[in-house]
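Novice: For reference, the chains in residue letters:
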Amino acid sequence: MFRYIVRRLLQMILTFFGATFIVYALVFANQDDPLQALAGERPITASVRQALTERYHLDEPFLKQYWYYMKGLLSGDFGTSLTGRKISDMMTQAWPVTIKLALIAMVIAATVAVTAGVISGIRRGSMFDNTTLVVTLVILSLPIVVLAPLAQLIFGIKLGWFPPTAGAHPDFHALLLPALVLGSLVIATELRVTRSSVAENLRSDYVRTARAKGLSRKRVIGVHVLRNSLIPVVTLIGVDIGGLMSGAIVTEGVFNIPGVGFNLFRGIRTEDGPLVVGFVSILVIVFLVVNLLVDLLYAALDPRIRYE
Amino acid sequence: MTDIQAQIDVLPGLDPRAPLLEVTDLHVEFRTQYGISRAVNGANFMLQPGETLAILGESGCGKSVTAQAIMGILDSPPGFITKGEVKYRGIDLLKLPENERRKVRANQIAMIFQDALSALNPVFTVGYQLSELFRMHKGMSRADAKRRSIELLDQVKIPAARARIGDYPHQFSGGMRQRVMIAMALALDPEVLIADEPTTALDVTVQAQIMGLLAELQQQRNMGLILITHDMGVVADVADRISVMYAGKVVEEAPVYDIYARPAHPYAKALLESIPRLDMKGQQLNVIKGLPPALTSIPQGCAFNPRCAYARDVCRQDPPPPAYIVAPGRTARCHFWREVVGDE
Amino acid sequence: MSDLEAVAAAAGPGGAPPTEARHADKRDKPRSLAGDAWIDLRRNKIFWIASILVVVIILMALFPTLFTSANPRDCALSRQHAPASGSAFFGYDFQGCDVYAKTIYGARASIEVGVLATLLSGVIGLLFGLGAGYFGGWTDAILSRFIDIVLGIPFLLAAIVLAKRLSADASSNGIVAVTVTLGVLGWTTAARIMRSSVISSKNQDYVAAARMLGAGPGRLMLRHILPNSIASFIVVLTILLGTNIASEATLSFLGIGLKGNAISWGIAIAEAGSYVRTAPGPLIWPSIFLAATVLAFIMLGDAVRDAFDPKLR
Numbered sequence: 001m002f003r004y005i006v007r008r009l010l011q012m013i014l015t016f017f018g019a020t021f022i023v024y025a026l027v028f029a030n031q032d033d034p035l036q037a038l039a040g041e042r043p044i045t046a047s048v049r050q051a052l053t054e055r056y057h058l059d060e061p062f063l064k065q066y067w068y069y070m071k072g073l074l075s076g077d078f079g080t081s082l083t084g085r086k087i088s089d090m091m092t093q094a095w096p097v098t099i100k101l102a103l104i105a106m107v108i109a110a111t112v113a114v115t116a117g118v119i120s121g122i123r124r125g126s127m128f129d130n131t132t133l134v135v136t137l138v139i140l141s142l143p144i145v146v147l148a149p150l151a152q153l154i155f156g157i158k159l160g161w162f163p164p165t166a167g168a169h170p171d172f173h174a175l176l177l178p179a180l181v182l183g184s185l186v187i188a189t190e191l192r193v194t195r196s197s198v199a200e201n202l203r204s205d206y207v208r209t210a211r212a213k214g215l216s217r218k219r220v221i222g223v224h225v226l227r228n229s230l231i232p233v234v235t236l237i238g239v240d241i242g243g244l245m246s247g248a249i250v251t252e253g254v255f256n257i258p259g260v261g262f263n264l265f266r267g268i269r270t271e272d273g274p275l276v277v278g279f280v281s282i283l284v285i286v287f288l289v290v291n292l293l294v295d296l297l298y299a300a301l302d303p304r305i306r307y308e
Numbered sequence: 001m002t003d004i005q006a007q008i009d010v011l012p013g014l015d016p017r018a019p020l021l022e023v024t025d026l027h028v029e030f031r032t033q034y035g036i037s038r039a040v041n042g043a044n045f046m047l048q049p050g051e052t053l054a055i056l057g058e059s060g061c062g063k064s065v066t067a068q069a070i071m072g073i074l075d076s077p078p079g080f081i082t083k084g085e086v087k088y089r090g091i092d093l094l095k096l097p098e099n100e101r102r103k104v105r106a107n108q109i110a111m112i113f114q115d116a117l118s119a120l121n122p123v124f125t126v127g128y129q130l131s132e133l134f135r136m137h138k139g140m141s142r143a144d145a146k147r148r149s150i151e152l153l154d155q156v157k158i159p160a161a162r163a164r165i166g167d168y169p170h171q172f173s174g175g176m177r178q179r180v181m182i183a184m185a186l187a188l189d190p191e192v193l194i195a196d197e198p199t200t201a202l203d204v205t206v207q208a209q210i211m212g213l214l215a216e217l218q219q220q221r222n223m224g225l226i227l228i229t230h231d232m233g234v235v236a237d238v239a240d241r242i243s244v245m246y247a248g249k250v251v252e253e254a255p256v257y258d259i260y261a262r263p264a265h266p267y268a269k270a271l272l273e274s275i276p277r278l279d280m281k282g283q284q285l286n287v288i289k290g291l292p293p294a295l296t297s298i299p300q301g302c303a304f305n306p307r308c309a310y311a312r313d314v315c316r317q318d319p320p321p322p323a324y325i326v327a328p329g330r331t332a333r334c335h336f337w338r339e340v341v342g343d344e
Numbered sequence: 001m002s003d004l005e006a007v008a009a010a011a012g013p014g015g016a017p018p019t020e021a022r023h024a025d026k027r028d029k030p031r032s033l034a035g036d037a038w039i040d041l042r043r044n045k046i047f048w049i050a051s052i053l054v055v056v057i058i059l060m061a062l063f064p065t066l067f068t069s070a071n072p073r074d075c076a077l078s079r080q081h082a083p084a085s086g087s088a089f090f091g092y093d094f095q096g097c098d099v100y101a102k103t104i105y106g107a108r109a110s111i112e113v114g115v116l117a118t119l120l121s122g123v124i125g126l127l128f129g130l131g132a133g134y135f136g137g138w139t140d141a142i143l144s145r146f147i148d149i150v151l152g153i154p155f156l157l158a159a160i161v162l163a164k165r166l167s168a169d170a171s172s173n174g175i176v177a178v179t180v181t182l183g184v185l186g187w188t189t190a191a192r193i194m195r196s197s198v199i200s201s202k203n204q205d206y207v208a209a210a211r212m213l214g215a216g217p218g219r220l221m222l223r224h225i226l227p228n229s230i231a232s233f234i235v236v237l238t239i240l241l242g243t244n245i246a247s248e249a250t251l252s253f254l255g256i257g258l259k260g261n262a263i264s265w266g267i268a269i270a271e272a273g274s275y276v277r278t279a280p281g282p283l284i285w286p287s288i289f290l291a292a293t294v295l296a297f298i299m300l301g302d303a304v305r306d307a308f309d310p311k312l313r
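Protein chains in written order, with full-length UniProt numbering: chain E, 1 to 308; chain V, 1 to 344; chain W, 1 to 313.
Bound conformation, chain E alone:
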């Protein structure tokens, strides 16, 4: 277990530097005028140019620039947006609502996916299974840019079941529709992985043993199969977080939810380069940390890794 954690930590540190370096290099390397790129098409005043040059140390060599950028990230200084607000302040304001949204989405998705996935896995080839497979295929293929506006149109505007936009302080009800949209990004994958994992485990030798022990079907599936089948599903959470972050940009933009994704959405549309770089950097860090935690969770769930 100890060796596993150390190895994962080392891997994560490497990935962390690699990923932030790529993000930074993408923005600043090999550009004639990185400042103009940051600011998009709007004209830059001399004073803004001066401030940005200092901020990103653009008069220094590239590796040194990266060093300052990393130092900023690690000390919690993520810079200032073109509108003059501190990125860290905007982040503090935006986090709670995004986390709330993501949690609702994940809980709904996981509940539905695991329940339906287990049933599908047990009754492979049945009507339920085939329907689920087709439905997941469709959900899997629906781009978020289709899903979010259409859900808003149908359930928000036409049917009026949910508020079409969330507003400044959204409550649970206002977040439910966007959470469903967001959850649908991960639900299909989770369901399919649960299904194939349950199906595979049902065929395994230890299930035969459990039945030979005279255990009830409920116990064989609910305890022996489920415990094994959930291991790969839990590891999906890591990948899912990345999908949710991407999805949140569009979803929060469409539904006007003042979260992290909405800030990023607006930053992209208003060509606010420093805001985009700051937010993306933070999200990359969050993604990496969550993935590390998932790896540790994986070890906790699977004794074969724990005692490696």
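Hints are computed from structural coordinates only; laboratory data are not their basis.
All of these numbers come straight from a predicted model, not from anything done at the bench.
All C-beta atoms, glycine included, are put in the ideal place defined by N, C-alpha and C.
Nothing false has been slipped in among the hints.
Simulated crosslink set (BS3-like; lysine-lysine; CA at most 27 Å straight-line): (1) K138(V) x K218(E); (2) K218(E) x K146(V); (3) K218(E) x K103(V); (4) K95(V) x K218(E).
Partial list, derived from the structure: chain V residues whose beta carbon lies under 7 Å from chain E: (5) M71; (6) R102; (7) A106; (8) S118; (9) Y168; (10) H170.
Negatives, chain E to chain V, calculated, CB over 10 Å: (11) K64; (12) Q65; (13) G72.
Starting from the structure of chain E, add chains V and W where the hints point.
Specialist: Relative to the frame of chain E, chains V and W by itself:
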């Protein structure tokens, strides 16, 4: 030994004087989209307390399926029992409702499997998997169940049982894992133990230890043991009677001494001749020509006829040979058994 | 958008019930894997639906005039949100453009970006996968770490930064920028699939035999390893094509994909979003076409994978 009266209370209709286990004309088939695969086509045998019956045959001859059908753990679908009886002390298990059938497993009939590493659940401790039996079947508390589990591990001679109860299956060696399997099978004092290739996955020295342990425990408890194997060497040491299976049928059933001395079915004879023997050193080993038939297309008549040196026209026509009585307690499904027996 | 990693992780769909016994009867009739797969595919309805959809969409992209004679750029504010009339089956949008014509012409950008980006990803993935899988050791360690690093950045976030960076230079319609963005970021799954199938086929006896007969690495890869790894690789690329089209629409929707006078489903959806209360049509139609296109490619890849990999069912 379990108290007979207590058993009668649980299983009404139980007859203490009936044979411990009696399998009559058992048929199992697998229905798949590629056709029907007839895995067992009339298996017959009988088992008495304290007796060891070996079921012998090549892989794919239906011996494991027979065992799973007796246990009632056949995957269904695709597996279906189409005909036959499995009587435990006079009660036809195939007619019991699933809920009662389930209680027979582990309580009256238990089973151990070939590969203990995959047969044990990898994410639960050995202690949990053992205690589960006591908790689910006897309603014991966790503490009591744990105490009983440690006793069991002691009985199957696992060193430092108390310390190892919290370990996971992959932390045990192959031989120790198989001991855990045995402990699990014997937890509720069953009267019948089915061992499906219990030593195939083990080293030769460990094999002997495990077989020795099984024999010892069987004697202590006066259990009936069904030993499924393809290893003729193991059989000679421990079995009382042998059933030889071919293409889903028991082709010969006989006491172990008789069959080794004078096999009555050409297949049994060929199997015996294919064992390397020290006294035949330097001679060509007799291997059985050809492959066993695909279970989706079993030949007409005697299933063995394409590979048989004795085969004549009658062997290629239905009906297949009946079970001829060679001697009391000894049968062979061969029209020419007299020739086979007297051949040597 | 639907993330490719997610699609690739979703192992084991399929229409048919479990078929453990299919291997049992192989004994009497030996068939090739491809032959088996084709027999399975021919019976698969999803495969046929997907194929027909793909053909129609490709026709739309190549010859839009087959479907409409209207000019999608012929817009007049006087027709703003006008209802369907004549050949404008879907009515007019905010700018007064023919929604039907715009939707038909939108296929071209999607297919163009999708196909080119997928080819780019394919080449990168092929080189990384073959290199890591064949040479193993340090090469594998370094290349695999690099793949991990690229995967360490959530796809859309990386795409946003890169697309922004690439499109900053050009005043073009952004097709090159989006294609390069998606191509450069989307190769990881393809590389991983290639790597693992190279590793497994490298250890096969026939490859060892060819090596002992003196075949060099280039010949080994081309003649012996590649043909056995290519099926799963193409499946991954087919699915990637679908997700690339979705990603193009997402980037265009966000305003960093195609732009200017480009005609794209993503742009159309973004523009229509603001007027959805008064005129939902301009939002609905491109959405349906986009979803159907993505679905078609993913279904196609899915069906082919199932046919080639029966044990996943």
